[in-house]
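Participant: Sequence:
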Amino acid sequence: GYSAVGLDRRSAAIGRWIVDAWRERYGVDVAVTTQGAIRQELPPGDVTMATVASIMPFENELVLCSVTGAQLAAMLRDDEAVVSGLTRKGDGFVTASGEALEPAKRYRVVTSDLLFHGGDGYTFSQHDPAPTMTGDNWRDPVVAWTKRAATSARKPLESLLLESATQTAEH
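According to our numbering, the sequence shown is numbered sequentially starting from 1248.
Simulated from the structure, these hints should not be mistaken for lab results. Where hints are given, some of them may not hold.
As the list claims (entries may be wrong) - Quick list of simulated restraints, FRET-style, between CB atoms: (1) Asp1325 x Pro1350: 17 to 23 angstroms; (2) Arg1401 x Gly1274: 26 to 32 angstroms; (3) Leu1409 x Pro1304: 22 to 28 angstroms; (4) Ala1259 x Gly1365: 40 to 46 angstroms; (5) Pro1291 x Arg1324: 18 to 24 angstroms; (6) Ala1300 x Ser1399: 29 to 35 angstroms; (7) Lys1352 x Ser1399: 37 to 43 angstroms.
Owing to the predicted nature of the structure, the values given are computational and were not obtained by experimental measurement. Even for Gly, the Cβ is constructed at its ideal location relative to N, Cα and C.
The task is simple: from the sequences and hints, build the whole structure.
Facilitator: Below, the structure written as structure tokens:
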């Protein structure tokens, strides 16, 4: 891939790049990581495997689980949460389809094994005793998405992420 200007480590765009790729790969309702998991900015220029590994340096596995809207909302009160599939609206959340997060409804979630098992205070494992361990490294969907996007100097990565944000805001 290619980035014309790079992405700040704590920017919404870099988080969206990661969690949107996860959610797309697994076709789930929500993808969750944290700002702390993103360890470096994306520098301008070529996006290589080494670049992705420096941004996401840990050997985390992605986990698929199911939690209620109420459980999910309680975990996402953390300002460090990086989320795809939900948008904060007032005191609650709205799904990608524009519906309010329903407290009793179960939602399919992809997250890292670190967060699933209680890292950063997340309680996914308390709510789903039978998750699906994907066997996929958390970088795999990001790399695959970036390759498919075929970004270049004429179509830099950040232009696709801005486009994605605009489409999300319109829902």
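Participant: Now look at each hint and say whether the structure bears it out.
Facilitator: Hints, verified against the model:
1. For Asp1325 and Pro1350, the Cβ-Cβ distance of about 18 angstroms falls inside the hinted range of 17 to 23 angstroms, so the restraint holds.
2. In this structure the hint that Arg1401 and Gly1274 lie 26 to 32 angstroms apart at CB holds, the actual value being about 30 angstroms.
3. The beta-carbon spacing between Leu1409 and Pro1304, approximately 26 angstroms, falls within the hinted interval of 22 to 28 angstroms.
4. Under the hint 40 to 46 angstroms, the C-beta atoms of Ala1259 and Gly1365, about 26 angstroms apart, miss the expected range.
5. The hinted range of 18 to 24 angstroms is not satisfied by Pro1291 and Arg1324, whose Cβ atoms lie roughly 34 angstroms apart.
6. Checked against the given bound of 29 to 35 angstroms, the beta carbons of Ala1300 and Ser1399, roughly 22 angstroms apart, lie outside it.
7. The hinted range of 37 to 43 angstroms is satisfied by Lys1352 and Ser1399, whose Cβ atoms lie roughly 41 angstroms apart.
Against the hints set out earlier in the document, violations occur for numbers 4, 5, 6.
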